[in-house]
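Number of protein chains: 2
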Amino acid sequence: MQFQLTEVFIEQIEQLISEDNRTALTELLQEFHFADVAELLEELNTEDATYLVKLLDSEITSEALMELDDDSRERILDNLSPSEIADELEEMDTDDAADIIAELDDDIQKQVIDHIEDEEHAADIVDLLRYDEDTAGGLMAKELVRVKETWTVAGCVREMRRQAENVTRVHSIYVTDKQGKLKGRLSLKDLLTAPEKSHISDIYIPKVDYVNVHTEGEEVARIMQKYDLEAIPVVDDNGILVGRVTIDDIVDFIKEEAEKDYQMAAGISEDVEADDSIWQLTRARLPWLILALIGGFVSVSVLGTFSGAMADHAALFFFVPLIAAMAGNVGVQSSAIVLQGLANDSLKGSLFKRLIKEVLLSLLNGLILSIILVVGGMFLLGLDLLFGVTIAISLISVIVTAALIGTFVPIMLDKRGIDPAMATGPFITTSNDICGILIYFTIAKLILGF
Amino acid sequence: MQFQLTEVFIEQIEQLISEDNRTALTELLQEFHFADVAELLEELNTEDATYLVKLLDSEITSEALMELDDDSRERILDNLSPSEIADELEEMDTDDAADIIAELDDDIQKQVIDHIEDEEHAADIVDLLRYDEDTAGGLMAKELVRVKETWTVAGCVREMRRQAENVTRVHSIYVTDKQGKLKGRLSLKDLLTAPEKSHISDIYIPKVDYVNVHTEGEEVARIMQKYDLEAIPVVDDNGILVGRVTIDDIVDFIKEEAEKDYQMAAGISEDVEADDSIWQLTRARLPWLILALIGGFVSVSVLGTFSGAMADHAALFFFVPLIAAMAGNVGVQSSAIVLQGLANDSLKGSLFKRLIKEVLLSLLNGLILSIILVVGGMFLLGLDLLFGVTIAISLISVIVTAALIGTFVPIMLDKRGIDPAMATGPFITTSNDICGILIYFTIAKLILGF
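Chains as they are written, first to last, in full-length UniProt numbering: chain Z, 1 to 450; chain F, 1 to 450.
Calculated from the structure, these hints are not laboratory results. Please note: incorrect hints may appear among the correct ones.
Where chains are identical, the list cannot tell them apart; a pair therefore holds if satisfied intra-copy or between any two copies.
To be verified - In silico lysine to aspartate or glutamate, EDC-like type, Cα no more than 20 Å apart, as pairs:
hint : residue 1 : residue 2
1    : 226       : 70
2    : 226       : 252
3    : 183       : 27
4    : 178       : 143
5    : 353       : 91
6    : 226       : 71
7    : 226       : 31
8    : 110       : 218
9    : 357       : 270
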């Protein structure tokens, strides 16, 4: 039952566009779900995509535009006039419309807003532009159903029917006092089952979760997940109900955050996709590589200072990549666990206790790995015992240090208000490479003496 | 307005529990949100937590139990009798109840089910146990509101009020034919605004997204996200409506999947949290470290075969960690972008085109990095030009190879039906380390001749 976009179908659409066959196109596409129209738009060239956006009903294309990735949307919007963009925004919820406006150039923004016919809608959009996009204010929509606590159920149902026309989904009905201050909520179910003559003040639920316009998006996501909410009302600093955030915006937010963290861990510094241009991908990937290169320079220098050992203990140098790899891997493991703990707010107990635990854990890992290393090294590579012990002690020390760095650095960054996700991937690997090599040769020097 | 769990509060609760002061505890906690009760239970020892679960109303504790992590929940359930567990399940939605039952030992499962008084509820739970937990059948709940197409609006509202009592949230009303086959849907809003005497068959929306009981959870998540659905009906192989999946289950699913991928990329092979035991954490972290250690052995051997170069070109060995680090970082970057493309189903075009793009991209990155390396190496480290050129050519070759491996391996694994997330983190780093060192020394040998 799922729609599947085929090559044949795309060619058929392209053919119809080149023939300017508006009737056939409208007939073919009018029953489509907006998400499918969006998929189709992604596959067409900008000119054809723009043609379809102009042709089809704004009710569908406005939703489809929201589903496109930023680049495709920008390319299409560049080909639309301010009044055509305004037509699309007219059909959008205020939060989506505000997101689109924010992507436009300043001079076009004003023209587009002036072209929006519904003045209340335009005013709501302008109002939303004031908020930072990662706050509840930036995530919320103005569309919601609100009733006053003094109304009767019958009056409320009448009023609700009127308001609900502009609201795609009614999750909750919010109850306010005369001044517009949020007092509680009511579900559609409650309203359906209440006697018609009772007052809202008798039946509403005075306990309601809410957030302030300035609450960070991450915190909104946390609250909505913790309390399993599908929508949460947003109030301003005076407690006045100004909007609501719905779970679908939060799902996108959670996904984006997870992808950003994943990319950060992989050493990619901008939000890119596989189909972005080579130039964009280079810009996203080069910075961390340059950092790693600089780290590489440092390790070259460190190794250079121990070059005296080469004559008698050449094998020491063969183990450098092994030591560096273990340091890097252990560091990334430790930092990943701490980062997820921080993200889920599940990191409890003192930093000291956590570091002790990490020491014990890495000692255990290090011991097992060292035994494998020594036994393997002596039997497979024919190392002598003293050399084997040197490598083993170094490996344990390097693993413990790497685990401590991987645990300590993200916690410290987080305490100082810096995004702890910085402290993983290339950053942790590079610093642990250098520390690891330094520790390794220092211990070797002490034991073997060179 | 948010609840904040304080040390003082926890101590107060522990004190009241030790005094067996049931009245005070009930009074204090009865107004609590279940998510907050869950937080409290996590902080108490198993005995105290069990005490509270037994004391408080099942309506709250059943929901709180669902919020706990698996270990804490298991510890508490171990201390409850089958009939006490049944009391909790009685209050849960069928999907949650089935998840809990599935966690219990086989012999206890039967006893618990026998103790559930509501026979229909028990039968529904048993029915759900048939499905694999990662399919739509495993994710769905039996609770939903269904109406027949032949009913009138008035009759429908009556019937709906009755059914809605068991359904926490009414997202959509599903319309079926007499045999129970899914025909379409209706929103509460539509029902509120329709004339009382019209028939459901006149007003329902015949287009409805649905999934089969056997559809994979990942696919359900994809569809619900793509079409912005808050609930999706589930049908069996005969098209009979059997349940619905709601967005809150999917949010958890998406989060878990993202965390699993992130941990895999960080070289952690089991789903662990920072607060798990040292033994669990070791078991999750050791396998990939052993793999990296074996990879390290290989690189030791590779370096050993080039030991002849040490006399004349010692500096070659100093650059080993730099080359290995660049190979690892580039490989992880490439694989991360491909993996996200695969996960989002946004990877289009042929494998050949993608590899060509990756070659161009990595050539560009490699060229820039090589220039920095040669200039920096000559000025800072005083390398001679021939040596600098050797390192530069090696670096470019290593980066291009690493990028190709990082792109090719996950795509190949995915085509063969193996989880492509395997091909990142330690696996990619280790194989790229070895390849990188091999390429580096081979090129150096060709240019410098040793």
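Hints, verified against the model:
no.: 1; hint: 226 x 70; in the structure: between (30 Å within a copy, 16 Å between copies)
no.: 2; hint: 226 x 252; in the structure: both (17 Å within a copy, 10 Å between copies)
no.: 3; hint: 183 x 27; in the structure: neither (48 Å within a copy, 24 Å between copies)
no.: 4; hint: 178 x 143; in the structure: within (19 Å within a copy, 38 Å between copies)
no.: 5; hint: 353 x 91; in the structure: neither (55 Å within a copy, 39 Å between copies)
no.: 6; hint: 226 x 71; in the structure: between (33 Å within a copy, 18 Å between copies)
no.: 7; hint: 226 x 31; in the structure: between (38 Å within a copy, 17 Å between copies)
no.: 8; hint: 110 x 218; in the structure: neither (30 Å within a copy, 42 Å between copies)
no.: 9; hint: 357 x 270; in the structure: between (34 Å within a copy, 19 Å between copies)
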